[in-house]
Amino acid sequence: MTEMSSLELLLTAVIALVALATIFGVILGYAAVSFKVEGNPLAEQIDALLPQTQCGNCGYPGCKPYAQAIVDGEPINKCPPGGQATIDALAALLDVPAPELDAEHGEEAEVKSVAYIREDECIGCTKCIQACPVDAILGAAKLMHTVIVDECTGCDLCVEPCPVDCIDMLEIPSTLGDWHWQAPQTPAERFTSKHRDSNIIATDHAA
Amino acid sequence: MTKVWDIHGGIHPAQNKQQSLGGAIRAVPLPPTLILPLSQHIGAPAGPVVSVGDKVLKGQVIATAKGFVSAPVHAPSSGVISAIEEQSVPHASGMKAPCIVMTTDGADSWMAHSGTLAYRDCSAAELLSTIAESGITGLGGAGFPSAVKLQPRQSIDTLIINATECEPYITADDQLMRQRSDDILIGIDILAHILGDPERILIGIEDNKPEAQLALATALKNRSHTEQACTIEVVEFPTKYPSGGEKQLIQILTGEEVPSGKLPADLGIVCQNIGTSHAIYRAICHGEPLISRITTVTGQACGKPGNYEVLIGTPAKHLLAEAEFDQTRCPNVVMGGPMMGFTLPSVDVPIIKSSNCLLATTREESPTPPPAQACIRCGHCAEVCPASLLPQQLYWHAQAKNYERLEAHHLADCIECGACSYVCPSSIPLVQYYRAAKGEIRLIAEEKRQSDRARVRFEHHQARVEREEKAKAAKREARKLAAEAAKAKREAEAANNQATDADKKDPAPVDANDIVQAAMARVAANQASPKDQHQRLQRAIKSTAARLQKAEQGLEALLKDDGAEPSAELLAQRDQQRATIEQARLRHEEANAKLAALDASENTPPQAGAEKAPSPATTVSGDDQNLDPAAMAIARAQKNAAEQASMSPQQKQQKQRDALEGRLKKAQARLSQAQSEGSEQVEAFSNAVATLSEKLKTADLELSTLGQTNPASNASQPVNQQTSQSEENS
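For the record, the sequence lines run as chains A and B.
Take 1 as the starting number for the first sequence in our numbering and just add one per residue.
Take 1 as the starting number for the second sequence in our numbering and just add one per residue.
Note that these hints are calculated values from the structure, not bench results.
Accuracy of the hints is not assured; some may be wrong.
Take a look, some chain B residues computed to stay more than 12 Å from chain A by CB distance [unchecked claim]:
id : residue
1  : Ile25
2  : Val49
3  : Asp108
4  : Ser109
5  : Gln251
6  : Pro371
7  : Glu404
8  : Ile428
9  : Glu484
10 : Gln549
11 : Gln573
12 : Ala684
Label pairs and their in silico Cβ distance ranges [stated by the list, open to error]:
id : chain 1 : residue 1 : chain 2 : residue 2 : range
13 : A       : Met144    : B       : Ala579    : 13 to 23 Å
14 : A       : Gly124    : B       : Ile444    : 19 to 29 Å
15 : A       : Gln84     : B       : Gly196    : 47 to 57 Å
16 : B       : Thr343    : A       : Gly83     : 44 to 54 Å
17 : B       : Glu683    : A       : Tyr116    : 16 to 26 Å
18 : A       : Met144    : B       : Gln393    : 52 to 62 Å
Positions of the beta carbon are idealized from the N, C-alpha and C atoms, including for glycine.
Isolated chain A (complex conformation):
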């Protein structure tokens, strides 16, 4: 009797486990199909943080491929147009320490620049149009080309292909429209600044 009951026990346990496994297997299988995430959400998040200059300085043909490469383990400090701000944002997103910008891929430009075609020298070869990753150059064969300034990302990929060397990278001048207040100097900055006031210490002022 005792032997029988232990066998029964064993059977019950096995049946119960198999039943559970089947049920959860079905649930998981269903979830895997119906809640499948399309694309790679992390790569998209990274791509959203990159500056979309599409300059290829990182060694990848555009920002999206670099975003994918970061997901696959590439260092996050290869984007000179984004600079330290982008590296910091990526580090915050991926929860890793923020490294310095890798100088191998170029330096961060202080002022943004755009391409400018000296139009009377342009011979209309369309080479720059083919090189532009964001279609920001307008023109046709044997006709003058020009850059749509608002769309130019300043990647300078068009400068090298130009046979008559008529493309310049010009810095964007700052205007009233994009001016904004600067944060006040910190005490340390005030101490080292050339334009510092004489009263660095509050008690100086009271005196």
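We have chain A already, so just place chain B on it with the hints.
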């Protein structure tokens, strides 16, 4: 008496209003020049419609509104436009902006203008267009175009007129109410008519202006000009800074708070400044555009502080001189009030539509703020914040540049009133931190917008390149298939011919299919060959004859043109022309011969198609070589960047120089090629050579200043590298 509510926080700084209240509004003599910035309002800058040298009359439009949120600019006096250029404008940045500068002629002669008091007979749209064309913007400070604010999508039940003027020192509105309350009331009536007579019309006024209040009450009592005019209520409330903020005033008068990110119009409320309603009265009832305003000039550095009716565009210097301003006693002049104003970069900037005050205080009156000390977390700032924010938290996050947290703490709702900085015992310039952070956030948002656009454009570019690539591949495939089919057909034909020959000799049993095919091919060949062939050849003869004639004519023309000195270019052209003629003649003869042969033997099978068919193999290889140029450029850029990074600055410079030299060589090669071919682009290429050699020279110069080593030893290797690279590229 309407109930008034209280707002959170607020401060009570010294009023200092009495100094500028002695005496009536004074007129300012006509300045010799007027400077009119094209952007005196929020929104798109106006576009000039006059040119330098034009004579303009007082009130004439000199720049029109560009876009919906924009305002035109009018000539404040008669005179001549002397310049349209960048000038210093009253802005905290001290930057220059496009302005129209005019020299007044002293006559101050008006253009023809007229208004109407029967505005109640006009439609709201007519009145709004008059207001927009008169260039009226909010005169309280921000300068938002009034016509835009007066056409909300929501229905309006409350019109609030802001007569608070809560900042210390400023008395422009106070003085205006004392002297011109009748006009103001008409202006308010116009506003009410435009907004479809809202249920409530409230004038909010602080209790520190009893005279103004009395003047308004008297005017209300004596109102006779319009019987049907709306009921206006003057609401007095205790003085507190900043009650005059739009959202704060709404809360005081109605008890309702404008939610974060919403507009007063969402609550059915429209708020207008009292000065604006006066300007609207002038525009509608007199046809006068906004060309002057009341500005307070005050501070201890002014001998004659007071309120001045000043033309827009008057240099601040001129106005200050009128008020007997003593520059030696005043370190810097502030435009606006002591709480929210900004220091003028110089006193040459003009008075604009939103300039309500020029404040010239002495050092004793407004001493330099003591240096900021550490925050002691006393919490006074949170107690006085009228927007119920947490200034201390904002301060920490602004210092840490943690913009996400700042937005979570509703930095955007900060009205920059300066109450927190005013009470801070550590004298921390809190508002400046908030302004900087707001600017940063705006900049980041703008960059994000741009990068999103670039992403979309890049993706479309990629998609297009891919599509083109696919189309090319499909074409290639189609050509290949066609060539194969043609080949198969030819082989089949050949086989058939053999088969038919065999048929005649040896009537052996053949596959039924083959017989049918052979028969069909024969029929087709017979139908196609004699007539069509003949016609085609005749056409060919005709066209070759025409081409030959044309080429000969061209040569004749060239010979005629050729004057005293036959240049190398011309000679080359002539040779080319001769070659063309020769070719054309050959073709012509060939066609003739073919026709003759055809005529001789009608049954000869045509052989023309075989040569014409493009050989697919060459096309394919050609396409493969022609990779995506963007990808190639990227690869090149990467290579260069990688090389550059591992070099010292001097090597970099050297590399640059070598690259330039390589480019120069390329350009020279192109130039000589172009010259030998007699191309039109010779000039462009020679220009390129010139610029490149100049660049090379400067690079050489830089290199020589940079390094002491001789460039010759370094030069040889990279030059070779460069040239080999260039060969790859081309």
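The hints, checked one at a time:
1. Ile25: 31 Å, holds
2. Val49: Non-interface label on Val49 (chain B) holds, nearest chain A Cβ at 21 Å vs cutoff 12 Å.
3. Asp108: Its Cβ never comes within 12 Å of chain A, the nearest being 31 Å, so this holds.
4. Ser109: 33 Å, holds
5. Gln251: Correct as stated: the minimum Cβ-Cβ distance to chain A is 27 Å, above 12 Å.
6. Pro371: 6 Å, violated
7. Glu404: Glu404 (chain B) is in fact no farther than 12 Å from some Cβ atom of chain A, at 10 Å.
8. Ile428: It is violated; Ile428 (chain B) is separated from chain A by about 8 Å at its closest Cβ, not greater than 12 Å.
9. Glu484: Glu484 (chain B) is indeed farther than 12 Å from all Cβ atoms of chain A, at 32 Å.
10. Gln549: Fine: 28 Å to the nearest Cβ keeps Gln549 (chain B) off the interface.
11. Gln573: Its Cβ never comes within 12 Å of chain A, the nearest being 20 Å, so this holds.
12. Ala684: Its Cβ does come within 12 Å of chain A, the nearest being 5 Å, so this is violated.
13. A:Met144 to B:Ala579: 13 to 23 Å: 33 Å, violated
14. A:Gly124 to B:Ile444: 19 to 29 Å: 39 Å, violated
15. A:Gln84 to B:Gly196: 47 to 57 Å: Holds: the Cβ-Cβ distance is about 55 Å, inside 47 to 57 Å.
16. B:Thr343 to A:Gly83: 44 to 54 Å: Cβ of Thr343 (chain B) to Cβ of Gly83 (chain A): about 32 Å, so the range 44 to 54 Å is violated.
17. B:Glu683 to A:Tyr116: 16 to 26 Å: 21 Å, holds
18. A:Met144 to B:Gln393: 52 to 62 Å: The hint (52 to 62 Å, Cβ to Cβ) holds, given that Met144 (chain A) and Gln393 (chain B) are roughly 55 Å apart.
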